[in-house]
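Sequences listed follow chains F and E, in order. Take the first sequence: its letters are residues 1 to 107, numbered as in UniProt numbering. Take the second sequence: its letters are residues 1 to 801, numbered as in UniProt numbering.
It should be emphasised that the hints constitute simulated quantities derived from the structure, not laboratory data. Among the hints, a few may not be true.
Pairs of lysine-lysine residues, derived as DSS-like cross-links and limited to a Cα-Cα distance of at most 25 Å, are as follows [to be verified]:
#	chain 1	residue 1	chain 2	residue 2
1	E	K603	F	K32
2	E	K590	E	K576
3	E	K576	F	K75
4	E	K55	F	K75
On a predicted model such as this, the values are computed, not experimentally measured, just so you know.
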Amino acid sequence: MAMTTSKQKVFVANFDEMQQRIGREIVVDGIKIAVFRLLDNRIKAIGGVCPHTHGPLAEGIVSGEYVFCPLHDYKVSLLDGTVQEPDDGSVATYDTSIDEGKVYIFV
Amino acid sequence: MRTEQLLLIGNGMAGVRTIEAILERNSTKYEITIVGEEPYTNYNRIMLSHVLQNKMTVDEIITHPMQWYKDNDIQLIHHDPAARIDTDNKRVITASGVCIPYNKCIIATGSRSFILPIEGAQLQGVVGFRTIDDTMQMIEQAKSCKRAAVIGGGLLGLEAAKGLIDQGMEVTVVHLEKWLMETQLNEQAGQLLKKDLEQQGIQFLMEKKTARIRGTTKVEALEFSDGTVLEADLVVMSVGIRPVTGMAKEAGLHVERGIVVDDFMATSAEGVYAVGECAEHNQMTYGLVAPLYEQANVLADVLTGRVTEGYRGSTVSTSLKVSGCDLFSAGIIHERDDIKAIEAYNGLANSYKKLFIQNNKVVGIVLYGDTTEENRYYKMLRDKVDITTLNPVTLLASACGEASISVANWDDADTVCGCNGVTKGTIVQAIHTQQLTSVAEVTRCTKAGNSCGKCKSTISELLTHVIGDKVTAAPTGICACTHLTRDEIVLQIHEKGLTTTKEVFQALHFRNAEGCSKCRPAINFYLHVTFPREHTDEKESRFVNERMHGNIQKDGRFSVIPRMRGGQTTAQQLLKIAQVADKYKVPLVKITGSQRIGLFGVKKEDLPDMWEELDMTSASAYAKAVRSVKTCVGANFCRFGTQDSMGLGIKLEERFEYIDTPHKFKMGISACPRSCVESGVKDFGVIGLENGFQIFIGGNGGTEIKEAQLLTTVETEQEVIDLCGAMIQYYRKTGIYTERTAPWVERLGFEHIKSVLLDQEQCNSLLAELEEAVAGKRNDPWTTIRENESMEKELFTVGRG
Chain F
1 MAMTTSKQKV FVANFDEMQQ RIGREIVVDG IKIAVFRLLD NRIKAIGGVC PHTHGPLAEG
61 IVSGEYVFCP LHDYKVSLLD GTVQEPDDGS VATYDTSIDE GKVYIFV
Chain E
1 MRTEQLLLIG NGMAGVRTIE AILERNSTKY EITIVGEEPY TNYNRIMLSH VLQNKMTVDE
61 IITHPMQWYK DNDIQLIHHD PAARIDTDNK RVITASGVCI PYNKCIIATG SRSFILPIEG
121 AQLQGVVGFR TIDDTMQMIE QAKSCKRAAV IGGGLLGLEA AKGLIDQGME VTVVHLEKWL
181 METQLNEQAG QLLKKDLEQQ GIQFLMEKKT ARIRGTTKVE ALEFSDGTVL EADLVVMSVG
241 IRPVTGMAKE AGLHVERGIV VDDFMATSAE GVYAVGECAE HNQMTYGLVA PLYEQANVLA
301 DVLTGRVTEG YRGSTVSTSL KVSGCDLFSA GIIHERDDIK AIEAYNGLAN SYKKLFIQNN
361 KVVGIVLYGD TTEENRYYKM LRDKVDITTL NPVTLLASAC GEASISVANW DDADTVCGCN
421 GVTKGTIVQA IHTQQLTSVA EVTRCTKAGN SCGKCKSTIS ELLTHVIGDK VTAAPTGICA
481 CTHLTRDEIV LQIHEKGLTT TKEVFQALHF RNAEGCSKCR PAINFYLHVT FPREHTDEKE
541 SRFVNERMHG NIQKDGRFSV IPRMRGGQTT AQQLLKIAQV ADKYKVPLVK ITGSQRIGLF
601 GVKKEDLPDM WEELDMTSAS AYAKAVRSVK TCVGANFCRF GTQDSMGLGI KLEERFEYID
661 TPHKFKMGIS ACPRSCVESG VKDFGVIGLE NGFQIFIGGN GGTEIKEAQL LTTVETEQEV
721 IDLCGAMIQY YRKTGIYTER TAPWVERLGF EHIKSVLLDQ EQCNSLLAEL EEAVAGKRND
781 PWTTIRENES MEKELFTVGR G
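So here's chain F without its partners, still in its complex pose (with noise of 0.2 Å):
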């Protein structure tokens, strides 16, 4: 708890807005985050840019639980943030949590 209390809780969406594998950015203090609802409706956020060529990676194809780079198809994970094989390089993952229907990350 230590962890996340010192951390800014951000609000992102409601979680009804937010479409099962469509991503949403947010911008916070100049920092692009990518959140995303999962099919089975978790919701998950990582660095929102592309560790390759800083592709919008809120822009790209979801499944389970990746996100492909819609610039030149980089595969994340979008539970540790690591880029997959064969590609290498990784993004920051962050913290959510869902309260009375409002999406919110902690930055």
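Since the structure of chain F is provided, determine the placement of chain E on it from the hints.
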């Protein structure tokens, strides 16, 4: 634990294979460092000819990504080659002066292309064919050069020649001997090979000795010893390879042709070993992969303290990676007093076999044209099978019914994949324990078949033997999620009445329950074409461009390209575009390739407002769909125009806009044969004539330029429109997602498509199908989104925290 330092010089196939074999035996014995020269991690050099022949990419031939080195705690220095071995102090010094101490050192420096010592060999445009860099240089040169000469008609030279043909060059192979691949083939097989390669477009100059290469800074021509000349912009030297031994020689090691090793791969220096192409064993050096791997296993045994019989030399075999030229060669292929041969030539099939027999045992094999029996003969050779009981005819005949040769009867210890030293027993065990059902899976789990690929038929046979009809085919699937092809998927969608991607993935057992970025958009499209009424388009299965209705730019922003049918606009539209561009500070306003005006670099959240203010519709310039129609000025203004091309273009656009197709579908309408809109490279191109219209289909001006073919000539605009509609629907029904019409025409056959479209009945029914499929669906997406506030919010909001 890890007390000993193991240093490998050379980051290639033989060395890394040795390290892998060591790690398999004992992963904690050594602290391992690898020093390599090339700026890549280990790759499969054998597959370079596939890269040159456009069958694989460089990424696909990398066998060990950086992660492998990390995972195994291997320190890789691949930007600073080893320069000196100091055997007295047991250390290696790199080019930049770094000292690396070792307890055990493996030299696996491989070999280099032998560059003929002739004048001009250093000119720009002279390359060898050994490395990724060589290959990339050849591909790069092929873009601007036309004529290539390959010196050397051996295995590598011929693979390089075929690759350069595939890169679009004119290629001449210059060979010193009377026939090709003279060390692996006898004259008859060499001549058959030459004939087949000539048919693939390669030209040959036989019995020619290159005297010098002409040119001032760049290659211009080859000059031969008989005074004749061949013009060339690129010269590939492929006359042989030389073991890289300089460092070993300087360190005082015993070096002859290669670095001399004993049966345990030890060199003359204590603690220093050599494997691969740089090593010489029993006066033999090898340039093929199988022996290298056998050596790697012996050395791994030695270095991990396992008992080993040592290396006893290898029987080598060769096959050529050029499609349409199946050949196989192994062992001794020249007749001598004690070696007699039997042969068979089948002129009908252009195939040839010759077996060389010594003391009732097969000692050499040459097969050309039909290599289905190669495993059978190779096993006879390797196992020294006594063939006394076989008469020459049965020996040459197919092995049908000869159970003794079938892989089923092999011993578990018999090697299936010589390249990687994988035995039958290992494969059978893997099939059982890991429930493997395809050759590709066996390759992934056991490595069998991942080098030269020659043993894939044996693996397939073995799979059938072990699991019967449960064998699945090689990966023919549309992506890694499935082994099913496009046709199989569409058939199942029909038969099972599937209407969502989720149902397809479930019913057809895709490996990922939600597919991937390749298959989900494809399936969404197939569903849409198969069940236009029942299927609801899935936004989340669309690529971003078709979800946001603009092309995503490299910086993540988008383009806005409004529709101007036929390329016609008005002063009012131009004023509006100017105002919007100004108001939203659009960084780029540009006339596009298809006669439209594009606004580029637009922020996602601005898109709906800009559409609103423009009050124009979308040109679909981002979609896999019928695109805008390019037209010339036409008969109303042009003094040469014979038809109203602009009018016809506008009609076609009105009629077919917003219909989605497997890939973009471009049209061009010219009013005379001057074809100002380049109708000859359009998916559907029209050229107006005095008394009618010529219709061309399947052209492409893109990645691969393809000239459109004349479908027919018709008299009226209505016939043009009808044929266009029929073609669009036939393409939608039979096309593979992301397949342009040029490869589609090639795949289905132009004559077939022509017969369908020109058959009035089929044409009418295609038109009716199209009408039904798109009824009520051809809506401008910009308007749709503007009118749907929640959709706008869901798709185009960017949050600010």
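We went through each hint and held it up to the structure:
1. E:K603 - F:K32: Satisfied, since the Cα-Cα distance of roughly 14 Å is no more than 25 Å.
2. E:K590 - E:K576: holds (15 Å)
3. E:K576 - F:K75: violated (41 Å)
4. E:K55 - F:K75: Given that 25 Å is the threshold and the Cα spacing comes to 23 Å, the pair holds.
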